[in-house]
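J.: Between the sequences and the hints, there should be enough to build the whole structure, so can you do that?
Here is how the chains run, residue by residue.
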Amino acid sequence: MPGKRLGKQTLRLSSPPSMISNASIVGPKEGEGPLAIYFDQVLKDDYFGEESWEKAESKMLKEVVKNAIKSSGRSNTNINFMFAGDLLNQIVSSSFAARELQIPFVGLYGACSTMAESICMGSIMLDGGFADAVVCATSSHFSSAERQYRFPLEQGVQRPPVAQWTVTGAGAAVLAEAGNGPYITHVTIGKVLDFGVKDANNMGAAMAPAAVDTITAHLNETGRSPLYYDLIITGDLGNIGKAITLDMMQKEGFEIDKVYNDCGSMIFDGAKQDTYAGGSGCGCSAVVLNGYIAKEIKKGNLNRVLLVATGALLSPITTWQGESIPSIAHAVAIEKTIGEGA
Amino acid sequence: MNYLKAFITGGALCVIGQLLMDHTKLTPSRVLVIFVTAGVILQGLGIYQILVDFGGAGATTPLTGFGYSLAEGAMKGVKEAGILGAFTGGLKAAAGGIAGAIFFGYIMALLFNPKSKK
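Here the protein sequences come in this chain order: A and B.
Count the first sequence with my numbering and you get residues 13 to 354, in order.
Count the second sequence with my numbering and you get residues 4 to 121, in order.
No lab work stands behind these hints, which were simulated from the structure alone.
Some chain B residues flagged as far from chain A (calculated, every beta-carbon gap over 12 Å): (1) Gly47; (2) Ile53; (3) Ala60; (4) Lys79.
Simulated DEER-style distance windows between Cβ atoms: (5) B/Phe106 x A/Glu264: 54 to 62 Å; (6) A/Ser327 x B/Ile101: 29 to 37 Å; (7) B/Thr64 x A/Phe163: 20 to 28 Å; (8) B/Leu87 x A/Gly61: 49 to 57 Å; (9) A/Pro164 x B/Thr64: 20 to 28 Å; (10) B/Ile19 x A/Glu264: 39 to 47 Å; (11) A/Lys284 x B/Pro31: 24 to 32 Å.
Interface residues of chain A toward chain B, partial, derived using beta-carbon atoms under 10 Å: (12) Pro40; (13) Phe154; (14) Arg162; (15) Phe163; (16) Leu165; (17) Glu166; (18) Gly168; (19) Val169; (20) Pro172; (21) Thr180; (22) Lys210; (23) Asp286.
If you're wondering where the values come from, they're calculated on a predicted model, not measured in any experiment.
By construction, the Cβ of each residue, glycine as well, lies at the ideal position given by its N, Cα and C atoms.
T.: Here is the structure:
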């Protein structure tokens, strides 16, 4: 294993897998946001022709996986593994989608960090030589997440200003052992951190320290400067978490403000769309990666991106019992070309 | 004049609720429970009756009014049926509200599908 482990958390993929196709589906609200042009499919109705939002979410995930596989030019049968997870109890959106797709399935739970987590696991599988191609996917749905984590929408409760808006959307990426890039060159697996934030409406503040820890570990272990990247992007910290992250990174001695952004801050126009602190949910980083980032890399506007998807590892029961919110962040380095730099 | 009194009383109770939502970490469900319990306690002490006499439906329609009916019914029950009345009287007095909530809730669930917030 010499050379693959760069430190406690970061792995260098010695034969970097290629991200050969991407797909994204979003709900109507996301389709009115600033990133609308980057999404492959915008739903007119967030029921997606189903009877419940949970079914709609699972259908989004299934469709987005199918679309990504289709545009990779492969068929279900030569995708070796599907890595997916979501926010619903027992990750049913993913497993119900996998029931129909019949691809060997590895279910993951990393809350909103799932997009990066699935790419980490898929890349390691490919680099290890255990697969030729894998699909990594995740989804979230505003209305099913509200029911899961907060209150059913029918109850009509008011949202506090620090609250974020769960993205209705699903994203999938097909990674293959061979391809023309962009490549997954490094992955950094996060640790679970807890700074004692208890407010389930203020996830950005709870998750920011995890993002800072993972970014710092990644930069230290790879020896890279933040400016090596064109974009360091966290998953769904929103405006509050983004500000905390910038502040904490500065204290760690890294100036990342020139290259830093957050998917949750980018996906909605807070002033026009009444989304308060920004977007959240597994779907947030999934659609920004598979929509915006993938397309900007293809166009040549981005060459090196560090995606740091963040997850709040709470459950409704731990919130009711007054526990604080443990958080995690996983990072994936995506580079258009390999072999240069560190 | 009755309308104005009801409006002021009901509005003031709702302002208290909104202040609790905006300035405390209480969840909406806890605010609801606090309101019902506050209605029970205030009527138990005989204070809520003053609000009801002044504001009418402005005091009985908000959730504190539900607590008021429970307390009022329990006390009436004790007078009529002794100690057992303390247990049966409250629900008897609030039965209209409870049955109404279940009935109309059921009808609405049959008629409509929930929609996502915009």
